[in-house]
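Spelled out from the first residue to the last, the chains are:
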Amino acid sequence: MAEGRRAVDGYDLYFGPVHPGSGNFGVKLTVDGEWVVAARADPGYLHRGFEKLMEYRTPMQNAVLSDRLCILESLNWNLVHAEAVDRLCGTEIPERARYIRVILAELSRIQSHIIWYGVLSKALGFDTGFMVAFGYRDYVLDLFEFVTGGRVYPAGYICPGGVRRDVPEGTKKRIEELLVKMETMLREFEAYDSKTIAARCRGIGVLELDDALRLGATGPVLRASGLASDATRRTRSTTTSTSRSRFGRRATRSPGRSSDDGRSRSRSRSSGRRSIGCRRSRSLRSSRRPRGRSRRARSTCATRSPEGRRPST
Amino acid sequence: MTAAMENEGRRTELLERIGSRFDLDLRVADDGTVWVSVGEQKLGDCLAFAKREGFDHCSAISVTDWPEEEAFELTYHLWSYGHKLLLTVTSRIDRGEATVDSAIPLWGPSAGIHERELHELFGVEFSGNPDLAPLFLENWDGPPPFRKDFDWRAYVRETFYEEGDPRERSYWD
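Heads up: the protein sequence lines correspond to chains Y and C, in order. This note's numbering applies: residue 1 is where the first sequence begins, and numbers increase by one. This note's numbering applies: residue 314 is where the second sequence begins, and numbers increase by one.
Next comes chain C alone, as it looks inside the complex (with noise of 0.2 Å):
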């Protein structure tokens, strides 16, 4: 059985054990990627397992504003050395009460920092971070910019330009 063979048949296995302990179908993408979608109650369970299983590099976490449907949506990068596969978690939250645990516990301040950018950006809650300080921004007192309904144009010129400077009329036609 030749190195690659062998290695496939590991991560068949691996996908098999994440697919029963979660009740999910997966399969590998075209792109060499796998993509789990858990509820919010699951999330916990599901990233401590992936890191259990040799997900031992949290490459990104991320959060989709989804305004409509009132959710944000997490989405963690995982990749395994051993596996040489990336794992893609995402799970949705309720947008009004963003509070999810902190992944610090299982991939330490590269977890932190990311979380520490999407509280800033997004206002999301996690819970067990020491650490969510302002990352990017200076003095803002508004709302977490990075979500759809905050309208940056209309911040910008309501800060920046005078409706009745001639020069800067432009901005508000």
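Bound-form chain Y, shown alone (with noise of 0.2 Å):
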């Protein structure tokens, strides 16, 4: 009998295809028992050849085709290409179409952030936050419909040579709306935050800066690593002669933070929330909370709140 056990420890087990949060993909996992010895990534399930499908299409097509390329920012994947294309061109872009296209890929930014909160949540186990983060994420994909058709791929609105019309009447007016929105949203995001989200997170994912260096990682993965590394602000100096190490400036690293885990991660993407750029949420994050509205919230969050009580905020 024992033998017979031998014989069916360690052997090869495909776990997939799965939909971790975002995303399809499968793992070739080698066990032995119930150990996991072994694991390699099948990444081919979302691998669509967009480069080989462009290749029989006009770049006006292909801006069409660029929305595809990820769910989550389909109109940053738009600029992308257009750009490309207006390089290779040499096409000047209107002054007007330049902004529509900041605007509207910023505004994709931030909705992608949602999204990410939402799917944190979920991994956490808590699922309220990933309901009101897709509910507020519609908020933002309104505002695509109106502006651009379509709400979440925009159908090449981004184009070879600046956007495909002009921003309908009545835009700026719903966009300071949607920035009231968010700046709710965030608050609301902020009174979830509690122990057990905390203790969800914290230590776990450990990523010292020299293994995210090694693995390239980027944006707010490499930032809560411990590197002040913004891709949006390239062009602008952030390096100071006095902080400035081989890499450029650290990070300031977060009181109490004890490493560079799931927790650091959650904070540097908060804080990347904040910096949209959002003039009104900055003058009402300086403004003092009314008492009456700050009851509401509490009283809302002792109703979602992950682990079933008022959460310590």
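Be aware that a few hints might be false.
[What the hints assert, rightly or not] Covered stretches of chain C, going by a simulated chain Y footprint (3 or more residues, C-beta under 8 Å):
id, stretch
1, 363-372
2, 413-422
3, 446-453
Please keep in mind that the hints were generated in silico from the structure rather than gathered at the bench. No residue lacks a Cβ here, since even glycine has one placed at the ideal position from N, Cα and C.
Build the complex: two chains, separate frames, hints provided.
Structure below.
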């Protein structure tokens, strides 16, 4: 019997395709009993060969196709494609179109951060966070629909030469209203922040700076590991002569942070959301929150707390 | 002197160093990137030099296929956190014997994964890369599918559709 059991120990197990938060992929596991002794990612489920598809199409057709590169920030992919074609053709983009491009790309980025919050909540077993985040994301999608005609996929709104059409009348007002909603959302997320969320992130997935650099980490992940790096500020110099190290400026570590872990990455994202360039949100944050409103926020989070009681925020 | 001016000065010095080392005239483009084209023989040297000069992040490696010129164009996108500069190194290699040294000794696994992808999709060999197993495709025995001379439309038609089937006829018209 013991021999027979040994014979089935150590086998290959295909785990997937799975959709862990976002993106389909599989993992080829080698297991020994219940121990995973080796794991190899199989990312082929989402590789659709866009480069090859684009070979058969014109740049304007590819603008539509470029939406589909990634569901999380389709307008940014529009922008990347359009900028590449513009540069190849030497096209001069009208100033108004440049502004529209940036505004939409930034809203798309905010929307992507909201998805991150939702997916993180889901991973933490906090489904309310997921629902609320995706609810707020819909406000951004409403605006995308208003401007581009598409909610998730803007059908090549940002296209070579500029944008497909001017923004409709009333867009500015709607964006300002949207930013107010984003500020409410941030307050709501802050109210959710609890010991349970902290406990489920702290010390999890520690990524030291050396490893982050070796593995090519970027964006919020890299910042959470302690290096101030932001591609959107590429052209601005954030380096000072006193704080410069080999890699430039080190990020300020948040007080009480123990390591470069999931908690740190979560904080890094939150600060990313705050620096969304939202004029309205800055002015609101600096103002004192009305007492009554504060109570309402607390009573809301009492029913939505992942730990089933009011978080000690 | 402001920090920005100091940074700009360091950038200029860096470009002069790279330019004189490889006999190139370099300048920062409007979008803040620097493009360098080197011959196949100098590619390894140039990449190693860039790494020593602080280009610590290998953002991407890509291949462009030029079938008429019998060449693959390798493109390395390198980012320096210190200089805040994107350096793009390109080099043309022979399409028939597409072999180039791996960049793993310089940038580790972040270069390795790109090489694995390019090996699968274009058939470029990266000598020194210990893991060039297929990344995306399962049971594929055709030519590297991203080469320009691979006609995926014809492949799909012939593999998945019947010319005699009236419902699939339109794919053959």
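Structure-based check of each hint:
no.	hint	result
1	363-372	holds (count 5)
2	413-422	holds (count 3)
3	446-453	holds (count 4)
No hint from the list above goes unmet by this structure.
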